[in-house]
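Starting from the given sequences, assemble the full structure and let the hints guide the process.
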Amino acid sequence: MAEKIKYKLNVGKIEEGFVIDHIRPGRGLMLYHDMGLNKLDCSVAVIQNASSRKMGKKDIIKVETSIDNFNLDIISLLDHNATIDVIKDGEIIDKPKLPLPREVKNIIKCKNPRCISSIEQGLDQIFVLTDAQNATYRCKYCETEYDNK
Amino acid sequence: MRHLMTPLDLTVEELEDLMNTAEDIRKYPEKYSHVCDGKILAALFYEPSTRTRLSFEAAMLHLGGKTMGFADAMSSSAAKGESVADTIRVVSCFADIAAMRHFKEGAPMVAAQFSSIPVINAGDGGHQHPTQTLTDLMTIRSSKGRLSSLKIGMCGDLKFGRTVHSLIRALLRYDNISFVFISPDELKLPDYMTEELDSDKGAPYKEVTRLEDALPELDVLYMTRVQKERFFNEEDYVRLKDYYILDSRKMELARDDMIVLHPLPRVNEISVEVDNDPRAKYFDQVQNGMYIRMALILMLLGINVEV
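In order, the protein sequences belong to chains L and U. Position one of the first sequence corresponds to residue 1 (my numbering), numbered consecutively onward. Position one of the second sequence corresponds to residue 150 (my numbering), numbered consecutively onward.
No more than 25 Å apart at the CA atoms, straight line, and that leaves these computed lysine-lysine pairs for BS3-like:
| id | chain 1 | residue 1 | chain 2 | residue 2 |
| --- | --- | --- | --- | --- |
| 1 | L | 13 | L | 88 |
| 2 | U | 308 | L | 109 |
| 3 | L | 111 | U | 308 |
| 4 | U | 399 | U | 308 |
Which chain U residues stay away from chain L? Per the calculated CB distances, all over 12 Å, these:
| id | residue |
| --- | --- |
| 5 | 207 |
| 6 | 223 |
| 7 | 295 |
| 8 | 298 |
| 9 | 299 |
| 10 | 356 |
| 11 | 386 |
| 12 | 390 |
| 13 | 402 |
| 14 | 414 |
If you're looking for bench data, these hints aren't it; they were derived computationally from the structure. Even for Gly, the Cβ is constructed at its ideal location relative to N, Cα and C.
Put into structure tokens, the structure is as follows:
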């Protein structure tokens, strides 16, 4: 009789790299693409809807490469409450804070069809932090709010 | 080098100086008639606007300068696909100062980034119209004698009405200002404006739908036109365009010292019978608009005339 194969959903520890934790459910894949993690050739794990005592459900991303090559502003923009653990030799060596950048350039695009940035060639897409308490960013040109809800 | 993108680019003190200069120009026009000899204003109007364009051109001509430019996008190199950045770089080679109106929001700010001459935002889509605001402030100050301790009613298209947004921001810097916003639900103030009003630097306000309810308590009534060009949908425009009409009967509800402003052009939101009411100040606004633009051109060109 053939032996029954058991599959377990288990993503192992990483030795060197970083973990983005407490991501709002559904944002994990967005971060994966917007951070360019889909272009890496190292191990990357995206876990969706993991159970969380604090949040109920959460997404987690584990990346087995140095965090130094990444612009963390995009994490602040997409999910200001996400946390980061930097891993070396299998241990957490740092938990960098995610400050809200005062200005972000060419990370997100203005969705207002009436904005000059929708037609002007070569124009930087610039968003400015207008309300730090609510992490509100507005297009520098037309003041339309970036909707990350 | 300075530009004017929003009324807030000027401090309250600078605004005072500007309005004082404009008043001086009104009283002594001959003193200013040659102060811009040899200077050129480029009026870059990507969107038709008779009043604002003529006001800028008249302002420069009365200062002794000359003007050039275009009156719609089709007669500019924009029709060939030229960017705003390239257009202003080219215009900077020919003119000393530029006034830009554009149908896209933020276009004058892009121009300012690439310009080597001062750029004035002459209206960018539904976003800002700072020289109209300067005009409005000057008219309120000259009619009421102050810019503080006023209850201002704003009526009509508060969603797309850029003159409304600019004026609110400018008035928030004065003491004891409160607002009554009168509009149908579809044309209420956008969130980004109510956020500002709700913030620490905001002011008390209420939103109502009936003009008659607001009129008795106002010091200033600012009427606006429901603008066809701001709608994607013709049906919505037709349904909302006649929502508020100010006539003599409604004016009876207002105080004797209330003033009525309108950025013009009006369609039918103010009946012509109101024109003869001494409280109607919208044609004074037009005149003030030219004087304040003259003062602004002088300021941005760094030309000082003793007031």
